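S.K.: For reference, the chains in residue letters:
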Amino acid sequence: MSASDGPPRGSLKVFIGMAAGVGKTYRMLLEGHAELQAGRDVVIGLLETHGRAETAQLAEGLETVPLSSVVYRGAAMKEMDLAALIARAPELCLIDELAHSNVPGSRHAKRYEDVEQVLDAGIDVLSTLNVQHLESLNDHITELSGVRVRETIPDAILGRADEVVLIDLTPEALLDRLRAGKIYPAERVDAALNNFFRIENLSALREVALRQVAEEVGAKRLTTELVGSREESFASEAPHAVGERLLAIVSPEPRAQRLVRRAWRSAQRLGAELDLLWVRPPGKTLSENEERSLAALGQLASVLGARLIEEESDDLAAMVKDVAERRGTTYILLGHERPPRGLARLRAPLPQRLMELLPGVDVRIVADRSRRPNGDAP
Amino acid sequence: MSVFTVFAIAAGGMLAGIGAGYWLPPHGRLARRERPRTVRRILLPFSGQQISRRSFEAAVRLAKAEDATIMPAFLARVPMNLPLESALPVQCARGMPLLEAIEQRASQQGVAVDARVGRGRSARDALRKLIEAEPFDRIIVSADEDPQAGLGYEDLRWLLERVPAEILILRPAPEDKRRISAGGVSGHF
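For the protein sequence lines, the chains are Z and L, in the order given.
Per my numbering, residue 770 is the first one in the first sequence, and the count goes up by one each step.
Per my numbering, residue 27 is the first one in the second sequence, and the count goes up by one each step.
Isolated chain L (complex conformation) (with noise of 0.2 angstroms):
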């Protein structure tokens, strides 16, 4: 056997154990080949200033356990005596923080974050809009004591009699008054 040859074998040998290296699990494309294609997204939808505690922190240990995607939704309000088209800075400038405060949290825990706008004629019709336009494999909602500050009991009901997809409604205990709200926002924003 010539010297040429047993180079080759050599050769042949370290590319075939790089190629098996990258191709193989846990780190090559073989691993990314195997992962779940439909990630699974959990939709958390707001319309106040600040949502529940309790809510975020539920959604954020389900989205771990789940290897999900958390899509913070804002539902901005569409005044009657405006198309529903417009645009709604007044409203954003207070919920795009908190969708900010949102996505800073959720991301320093590890957790992928897709942030959505939802607007409509009340904070359900936003709500629906959203809904029909992409699907959503669960939805958590607060069930908050100020019903003006999101979605109402009413809403609630409609969500489970009307959405296709789990729905986790959380009602903190009336002493966790834990809240999530613009002010958490880390740094100039």
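Next up, chain Z with everything else stripped away, as it sits in the complex (with noise of 0.2 angstroms):
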């Protein structure tokens, strides 16, 4: 269906948040009835107030449509009634908990495809998201809290909201609620806290959805800065480089390993991703110890999280210029070179050329510390 055929899409505004607790619900309710005040057609298509009374009361004076009752395993359960949303088609719809699993036999899977439908009937709507609930954030958090969420959204979906909107709290903050009982009840709130919800745990994910959020503002930006301008065709080829994306130069040989942990290091702190690059000459032959240097590399970048990337090239410039390029590097690192032999003398240094055909493309030399003159002694 052309656009032209039905109404314009609706827009989609996320609220997210480290954790349950934060406030997104509650949020997302002043702002339903803001609109409503403002003279809108406001409506709640799914709400889940997890028993408490504040969000509960803060419901009243909106429309809820009813939901639908679908049958699974003997038992009658209770789902958004899509059907019926659509055809109320009020102007704005407030559907919670984006990542939700429907019951089987529900027309979508996952709440997330009805918010869809709804978006493509052209009605507004606001949602709700944990950052837990990120797939490709899913195996990191899992890690962090050794609990591991299964309601899981593909990250393209927030990447189409048109607006995302931190709900921010200290992790202090956050206990105090849980305490409070303003969370969970009475009977479960031993059980969070000695989970979930531990202060360490809260930090990291508060650390997580605060980045992720950045990077959502800064995707966005570029976004918008492109469209519309003279580099718009620019902008639909180019691969959109979400803040700095890493790559370092690397060959098989023992050395590689540090300049690896110092590359996967600075993309930490910068928040980036990180690829490697082994061009190999044509037809070169790998000894055995090169054999076993480039599996540790695998190994090294797998665990870190990183992607080594195989190419063949005899022109290791040209080469990294083309990866970089396609991967929308913004910054090169690579190792101490060792003096050029032969008629390698003549030609201009790696980290000169990579600068000539990489321009606006950091390139950093990774220094081997252990040879500083003044370095520690054991």
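Just so you know, the hints here were simulated from the structure itself, not pulled from any lab data.
It should be emphasised that the depicted structure is a prediction, and the values quoted were computed from it without experimental measurement.
Watch out, some of these pointers could steer you wrong.
To be verified - Here are some chain L residues pointing at chain Z (derived, C-beta under 10 angstroms): (1) Gln75; (2) Pro109; (3) Glu129.
Said to hold, decoys possible - Below, computed lysine to aspartate or glutamate pairings styled on DMTMM-like, alpha-carbon distance capped at 25 angstroms: (4) Lys155/L / Glu1059/Z; (5) Lys782/Z / Asp937/Z; (6) Lys90/L / Asp1137/Z; (7) Lys782/Z / Glu1022/Z; (8) Lys782/Z / Asp924/Z; (9) Lys90/L / Glu1022/Z; (10) Lys90/L / Glu192/L; (11) Lys90/L / Glu1057/Z; (12) Lys90/L / Glu1059/Z.
Ideal Cβ placement from N, Cα and C applies to all residues, glycine included.
Each chain sits in its own coordinate frame; assemble them with the hints.
M.R.: Written out as structure tokens, the structure is:
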């Protein structure tokens, strides 16, 4: 269906937070009321109050589309009534918990798919999401918190949102709310405090949430700046760099491990993705030690969450340029080069060639700190 | 004998001299060829945030004596609820600085270093995978007071029974609290 065949797609605004209880639903309801008072037709498509009295109280005054009943394993379960909501055709709809999995037998498996259909019907949507539900962050957050979140949504859904609003709360304030029984009933508080709601978990999740929203803002700013300008065609083809993307030039030898570690630390500090590139000279056969070094590099990349790219070329600089452009690299790291031999002495050094080939990309030579004359004595 | 012949003989002699200087020991290619082809590899595994200084020093002494390469290996544990191939950035944030500190110290003492990272469901599992992937001539492990900090006694027993390499287990004296930790990294890392 082309854009001209139906109503213009609705806009999606997502309230994102580090965990349950930070006030996402509350804020969504406040905005619903504000829109209602501004004269818009607002309904609640689905609201999860989790038994919180203040949330239920705030929902009063907003029309709610009755839920539908889905029978699953002999039990009647309540889900959002998508057909009734679209038939009601409000201007704005509030749909809580974007990552929710619908009961089997519902029209869609996931709630975000329902939301997509509502948006396609030209209805604006306000929704909520916890950061741990984002697919790309799921493993990272499982490692941080020790809790695997089953309900995930593709990052692209959040990427397509017109607005993303971070609902932030300090971990201490969230724990106070939890202890006061404002998040879960009293009988669940102790279990929550001992599992997910530990201060170190919450601090880490808060950092992830802040970073995620910063990246979303950065990505949107980049797109806004480019679209509509004379660089529009470039914008549609170029990889959109979200913050920094690092590329480390490696070779299968022991010293590459150090370069990768340093590059990874830099990537961590910048909140950036890291790629590793090895350019294999055509026809080169690896020695046993080189094979092992290459395997070790692959293992290190995998554990660090970096991507090892292997390409074949006899022109290292040209291949680095090619990969950097493909991957949207903003920062190149390379180790100290061995002194050139033979005709290679006549060529410009690799860093200089890279700076000429990739204007606007930072090039950093990583020093071997163990060789510093004033290094720490063992 | 013509002047040309004299020059030709002199030039030939000089070339022969240069060639001999290049090919003969101690600095030439013959010397390199005579070196043993297999470099001895000493594995120094760890999974905590510090290692016993005693173990490290033993590894350095042996590496120096045998012209061997020290292979410090960080053993990362993959939680059961994550796939085995998962990236482990949180653990790496703890392990990588220590790997760097070990490499810096060993390099400063003129010892070749080739670091590794192992990954498994436990430190033992990670070590087993590492040993299966490539051979090591010797493994130096620290029998730490705190089994949570590294390989426990059961792991050491497994190592002795199952791994076909020289195993050197060091238990530092109780009063020897010297450790190498991430804080030992020289400069910005």
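S.K.: Quick check: which numbered hints come out false for this structure?
M.R.: The structure breaks hints 1 and 7; every other hint is satisfied.
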